[in-house]
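S.K.: Residues per chain, in single letters:
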Amino acid sequence: MSEKNISQKVLTQIKKEKIEPTTKFNLVARDYFIWLMLFLFLMIGSLATSVVIYMIENGDWDLSKQLDKSLLGFVFATLPYFWLVILMFFILILYYAFKYTQGGYKYHAYSVVITTILLSIILGLLFYNIGLAQVIDDSFNEKVPFYNKFLNNKQKFLTQPDRGILTGNVYQVIDDNSFKIKDLHGNEWLILSKNKIERIDLLKQGLPLIIIGQQKDKEVFEASRIRPLIRKTRQFFHQRVMPMHLNLRIERKVI
Amino acid sequence: MRKKELDNYSDEELVSLSLENQSNFAILIDRYEGLLKRYVFRISNFPQEDVEDVLQDVFIKVYQNLNAFNHKLKFSSWIYRITHNQVISQYRRNKARPQLDWQVDDDFMNNLKSDIDIGKSLDDKILKNEVKEILNKMDYKYSQVLVLKFLEEKSYAEISDILKKPQGTVATLINRAKKQFKKELNKNV
Numbered sequence: 001m002s003e004k005n006i007s008q009k010v011l012t013q014i015k016k017e018k019i020e021p022t023t024k025f026n027l028v029a030r031d032y033f034i035w036l037m038l039f040l041f042l043m044i045g046s047l048a049t050s051v052v053i054y055m056i057e058n059g060d061w062d063l064s065k066q067l068d069k070s071l072l073g074f075v076f077a078t079l080p081y082f083w084l085v086i087l088m089f090f091i092l093i094l095y096y097a098f099k100y101t102q103g104g105y106k107y108h109a110y111s112v113v114i115t116t117i118l119l120s121i122i123l124g125l126l127f128y129n130i131g132l133a134q135v136i137d138d139s140f141n142e143k144v145p146f147y148n149k150f151l152n153n154k155q156k157f158l159t160q161p162d163r164g165i166l167t168g169n170v171y172q173v174i175d176d177n178s179f180k181i182k183d184l185h186g187n188e189w190l191i192l193s194k195n196k197i198e199r200i201d202l203l204k205q206g207l208p209l210i211i212i213g214q215q216k217d218k219e220v221f222e223a224s225r226i227r228p229l230i231r232k233t234r235q236f237f238h239q240r241v242m243p244m245h246l247n248l249r250i251e252r253k254v255i
Numbered sequence: 256m257r258k259k260e261l262d263n264y265s266d267e268e269l270v271s272l273s274l275e276n277q278s279n280f281a282i283l284i285d286r287y288e289g290l291l292k293r294y295v296f297r298i299s300n301f302p303q304e305d306v307e308d309v310l311q312d313v314f315i316k317v318y319q320n321l322n323a324f325n326h327k328l329k330f331s332s333w334i335y336r337i338t339h340n341q342v343i344s345q346y347r348r349n350k351a352r353p354q355l356d357w358q359v360d361d362d363f364m365n366n367l368k369s370d371i372d373i374g375k376s377l378d379d380k381i382l383k384n385e386v387k388e389i390l391n392k393m394d395y396k397y398s399q400v401l402v403l404k405f406l407e408e409k410s411y412a413e414i415s416d417i418l419k420k421p422q423g424t425v426a427t428l429i430n431r432a433k434k435q436f437k438k439e440l441n442k443n444v
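From first to last, the protein sequence lines stand for chains H and Y. With the working numbering, letter number 22 in the first sequence gets 22, and the count goes up by one each step, no holes. Each position in the second sequence, counted from 1, maps to that position plus 255 in the working numbering.
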């Protein structure tokens with residue numbers, strides 16, 4: 001090919017192969033598709049953030065002393081890693097998708113990632129405040145088999161009788177000082193209170209409790225403090241306090 | 256429209272005119288053929304026939320994507336970007352690593368000297384050979400920005416649009432490339 005006729009060669013090829021410029025419609029559709037994907041990734045990331053906020057708010061951080069752990073150690077042991085991994089994954093793919101937008105390359109990776117994290121936190125707070133985080137957590141508890149078993153560390157963390165903490169559902173009230181519970185693994189425990197239990201309202205059958213005290217025998221636990229295992233939720237910006245469900249799936253299997 | 260009249264139109268206007276009539280596209284090809292051929296030679300070590308094949312593919316791609324041209328960009332940045340990507344694709348097809356064979360001419364030496372202190376005491380011919388040897392050994396990520404800055408004389412904003420990197424990254428790359436270049440030059444001379 002000589003230098004002189006390259007334009008002729010190109011035009012001949014265009015005519016011969018009937019090459020046409022890509023239509024504007026296709027290009028606009030591609031742009032809209034990328035922006036739609038970006039929006040979806042941001043929404044998923046924000047929903048994950050809302051569940052992280054929900055789990056942090058229900059962290060029972062004061063129990064770290066009971067487990068002889070520093071607050072930081074307790075935080076690391078019970079962080080909602082599943083949701084944090086989801087959040088990081090969607091931030092990363094959002095960053096890569098953003099690079100495919102027309103001017104996306106002009107922005108530094110860190111500015112895109114920081115902006116995405118900030119937007120996820122703002123939207124996450126909004127979703128948490130309208131109650132979406134709890135809906136997601138409950139749905140995953142019910143429908144995703146491995147969610148509680150592997151991913152919700154907190155309940156496992158709160159069932160360590162040898163370290164003075166036990167969590168379970170009340171299934172039999174014996175008298176003012178004693179009752180029975182079934183723990184996360186389906187084990188039955190006789191709970192003896194040092195003093196008369198003043199908050200008798202807590203001893204409702206099926207109510208999940210956190211009991212702090214000392215293990216006395218294989219199935220006997222002496223309680224020095226009893227409190228309901230609750231969760232703080234929000235619905236349309238109003239806070240509600242509800243009993244938290246224990247992982248019944250595991251209980252049933254053991255029973 | 257006659258060729259002479261079309262020659263007075265800007266690149267951006269010619270894009271619109273090419274969409275109306277494909278024969279107008281020939282003006283854009285003629286306008287960029289020489290520049291891009293030189294650029295491809297500078298960023299690759301392809302033989303003459305391969306360079307012309309790359310160029311033909313570039314112009315076909317440009318034509319196919321005329322509607323995608325963003326008028327906020329300079330047309331030259333856009334066509335250089337397509338050319339750069341086409342060269343990289345060609346390397347991938349050949350399963351080879353990009354390699355430059357620098358042509359160190361007087362213009363380049365003058366541009367380089369105006370930006371980097373490369374010493375004046377040396378004989379120009381020896382200096383040119385040293386410079387060529389160092390540039391041929393440099394990492395591709397550095398040499399590609401040096402080509403655009405000192406040979407193609409592009410601004411930071413244009414290099415950013417061509418390589419699809421943020422301007423800050425371009426500035427960092429050029430800075431590091433200059434440092435690496437000076438370090439090697441001090442070792443050799």
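A hint or two may mislead.
Heads up, simulated BS3-like pairs for lysine-lysine below, C-alpha to C-alpha not over 30 angstroms straight-line [to be verified]:
no.	chain 1	residue 1	chain 2	residue 2
1	H	K15	Y	K316
2	H	K99	Y	K420
3	H	K106	Y	K433
Label pairs and their computed distance ranges (CB to CB) [said to hold, decoys possible]:
no.	chain 1	residue 1	chain 2	residue 2	range
4	Y	S278	H	L125	54 to 64 angstroms
5	Y	Q422	H	W35	17 to 27 angstroms
6	Y	D285	H	H108	36 to 46 angstroms
7	Y	S278	H	F25	23 to 33 angstroms
8	H	I117	Y	Q422	21 to 31 angstroms
9	H	I117	Y	G289	20 to 30 angstroms
10	H	T12	Y	K380	37 to 47 angstroms
By construction, these hints were calculated from the structure, which means they are not laboratory data. Ideal Cβ placement from N, Cα and C applies to all residues, glycine included.
S.K.: Please go over all the hints and tell whether each is borne out by the structure.
M.R.: Consistency of the hints with the structure:
no. : hint                                : in the structure
1   : H:K15 - Y:K316                      : holds, 14 angstroms
2   : H:K99 - Y:K420                      : holds, 10 angstroms
3   : H:K106 - Y:K433                     : holds, 23 angstroms
4   : Y:S278 - H:L125: 54 to 64 angstroms : holds, 59 angstroms
5   : Y:Q422 - H:W35: 17 to 27 angstroms  : holds, 24 angstroms
6   : Y:D285 - H:H108: 36 to 46 angstroms : holds, 38 angstroms
7   : Y:S278 - H:F25: 23 to 33 angstroms  : holds, 25 angstroms
8   : H:I117 - Y:Q422: 21 to 31 angstroms : holds, 23 angstroms
9   : H:I117 - Y:G289: 20 to 30 angstroms : violated, 48 angstroms
10  : H:T12 - Y:K380: 37 to 47 angstroms  : holds, 45 angstroms
In the structure shown, a violation is registered for the earlier hint numbered 9 alone.
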